[in-house]
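Student: Residues per chain, in single letters:
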Amino acid sequence: MKVLYFAWLKEKTGTAQEDLDLPDGVSDVAGLIAWLKGRGAGYGDAFADEAVVRVAVNLEHVDGEHKLSNADEVAFFPPVTGG
Amino acid sequence: MIRVQEQDFDPGHELEQLTADNHAIGGVCSFIGMVRDFAGDAQISAMTLEHYPGMTEKQLEAIEKEAHARWPLDATLIVHRYGRLEPGERIVFVAAASAHREAAFEACHFLIDWLKTKAPFWKKESAPGGEHWVEAKASDDAATKRWDKT
Chain A
16 MKVLYFAWLK
26 EKTGTAQEDL
36 DLPDGVSDVA
46 GLIAWLKGRG
56 AGYGDAFADE
66 AVVRVAVNLE
76 HVDGEHKLSN
86 ADEVAFFPPV
96 TGG
Chain B
49 MIRVQEQDFD
59 PGHELEQLTA
69 DNHAIGGVCS
79 FIGMVRDFAG
89 DAQISAMTLE
99 HYPGMTEKQL
109 EAIEKEAHAR
119 WPLDATLIVH
129 RYGRLEPGER
139 IVFVAAASAH
149 REAAFEACHF
159 LIDWLKTKAP
169 FWKKESAPGG
179 EHWVEAKASD
189 DAATKRWDKT
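Sequence lines, in order, name chains A and B. Just so we're aligned, residue 16 is where the first sequence starts under our numbering, counting upward by one. Just so we're aligned, residue 49 is where the second sequence starts under our numbering, counting upward by one.
Some clues are possibly wrong.
Here are the computed lysine-lysine pairs in the DSS-like style, where the Cα-Cα straight-line distance is at most 30 angstroms [claimed, not checked]:
hint: 1; chain 1: B; residue 1: 166; chain 2: B; residue 2: 197
hint: 2; chain 1: B; residue 1: 106; chain 2: B; residue 2: 197
hint: 3; chain 1: A; residue 1: 82; chain 2: B; residue 2: 106
hint: 4; chain 1: A; residue 1: 27; chain 2: B; residue 2: 185
hint: 5; chain 1: A; residue 1: 25; chain 2: B; residue 2: 197
hint: 6; chain 1: A; residue 1: 17; chain 2: B; residue 2: 113
hint: 7; chain 1: B; residue 1: 172; chain 2: B; residue 2: 106
hint: 8; chain 1: B; residue 1: 166; chain 2: A; residue 2: 27
hint: 9; chain 1: B; residue 1: 166; chain 2: A; residue 2: 52
hint: 10; chain 1: B; residue 1: 172; chain 2: A; residue 2: 25
hint: 11; chain 1: B; residue 1: 172; chain 2: B; residue 2: 193
hint: 12; chain 1: B; residue 1: 172; chain 2: A; residue 2: 27
hint: 13; chain 1: B; residue 1: 113; chain 2: B; residue 2: 197
hint: 14; chain 1: B; residue 1: 166; chain 2: A; residue 2: 17
hint: 15; chain 1: B; residue 1: 166; chain 2: A; residue 2: 82
hint: 16; chain 1: B; residue 1: 197; chain 2: A; residue 2: 52
hint: 17; chain 1: A; residue 1: 25; chain 2: B; residue 2: 106
hint: 18; chain 1: B; residue 1: 106; chain 2: B; residue 2: 193
hint: 19; chain 1: A; residue 1: 17; chain 2: B; residue 2: 172
hint: 20; chain 1: B; residue 1: 193; chain 2: A; residue 2: 82
hint: 21; chain 1: A; residue 1: 82; chain 2: B; residue 2: 113
hint: 22; chain 1: A; residue 1: 52; chain 2: B; residue 2: 172
hint: 23; chain 1: B; residue 1: 185; chain 2: A; residue 2: 25
hint: 24; chain 1: B; residue 1: 185; chain 2: B; residue 2: 172
Note that these hints are calculated values from the structure, not bench results.
Hey, can you work out the whole structure from these sequences and the hints?
Tutor: Shown next, in the form of structure tokens:
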């Protein structure tokens, strides 16, 4: 699974992109966020306020209940501010 | 058509290209977003735009497709820049061409409203106090909701 972070999520986690195996017991986006939060200070800080974290799987916006597989590209980012 | 690029664009040239060789077009409406030199009371010296390559193009294409489904349009164009931009520089160009002005005006407005809440771009502003990420505005969400189908 490819995991990407953008804007302040990239800064707080100190990671732009990483390859992960779907952790044991994790089946959906909410589960992955809970697992990432336990990885260390930067991740805990990045996901502290989950209400402002947006998620895309395979380039489409999804919510926390979206099921994940190892073939997915998952991206975490703040609400968008383009235009 | 959609384009995501670092370099500037020439609005006149873009409009000429968009409407060339299609004499069914009766009007074209365009919008250009630019970098302001202020945010609230703060002076802004520069802005850096980050985006999600791949998803950006996909979302812009979906937004454009939705506009064509809702209005009788002959042509549309979205050009969005990324990278470091200074006040006065162009950020985004949106245009819609149709046989009649009403569709062109509405579609242009729709394109920029949807783009602002759906396309994965993030702005970071440089002010005297340091750099900070721009927060999404509730008014932008409201502007998008205006186009919800009832």
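Student: Look at each hint and say if it fits the structure.
Tutor: Against the structure, the hints:
1. B:166 x B:197: Given that 30 angstroms is the threshold and the Cα spacing comes to 16 angstroms, the pair holds.
2. B:106 x B:197: holds, 22 angstroms
3. A:82 x B:106: Holds, at roughly 21 angstroms.
4. A:27 x B:185: holds, 22 angstroms
5. A:25 x B:197: violated, 35 angstroms
6. A:17 x B:113: holds, 28 angstroms
7. B:172 x B:106: holds, 23 angstroms
8. B:166 x A:27: holds, 23 angstroms
9. B:166 x A:52: holds, 26 angstroms
10. B:172 x A:25: With a Cα-Cα distance of about 13 angstroms, the restraint between residue 172 of chain B and residue 25 of chain A holds, given a limit of 30 angstroms.
11. B:172 x B:193: This hinted pair holds, its Cα atoms lying about 25 angstroms apart.
12. B:172 x A:27: holds, 15 angstroms
13. B:113 x B:197: holds, 16 angstroms
14. B:166 x A:17: holds, 22 angstroms
15. B:166 x A:82: It holds: about 22 angstroms lies between the C-alpha atoms, which stays within 30 angstroms.
16. B:197 x A:52: violated, 38 angstroms
17. A:25 x B:106: holds, 22 angstroms
18. B:106 x B:193: holds, 21 angstroms
19. A:17 x B:172: Distance ~25 angstroms between residue 17 of chain A and residue 172 of chain B Cα, so the pair holds.
20. B:193 x A:82: Holds: residue 193 of chain B and residue 82 of chain A sit about 27 angstroms apart, inside 30 angstroms.
21. A:82 x B:113: holds, 27 angstroms
22. A:52 x B:172: Holds, at roughly 25 angstroms.
23. B:185 x A:25: With a Cα-Cα distance of about 21 angstroms, the restraint between residue 185 of chain B and residue 25 of chain A holds, given a limit of 30 angstroms.
24. B:185 x B:172: holds, 14 angstroms
When held up to the earlier numbered hints, the structure conflicts with 5, 16 and fits the remainder.
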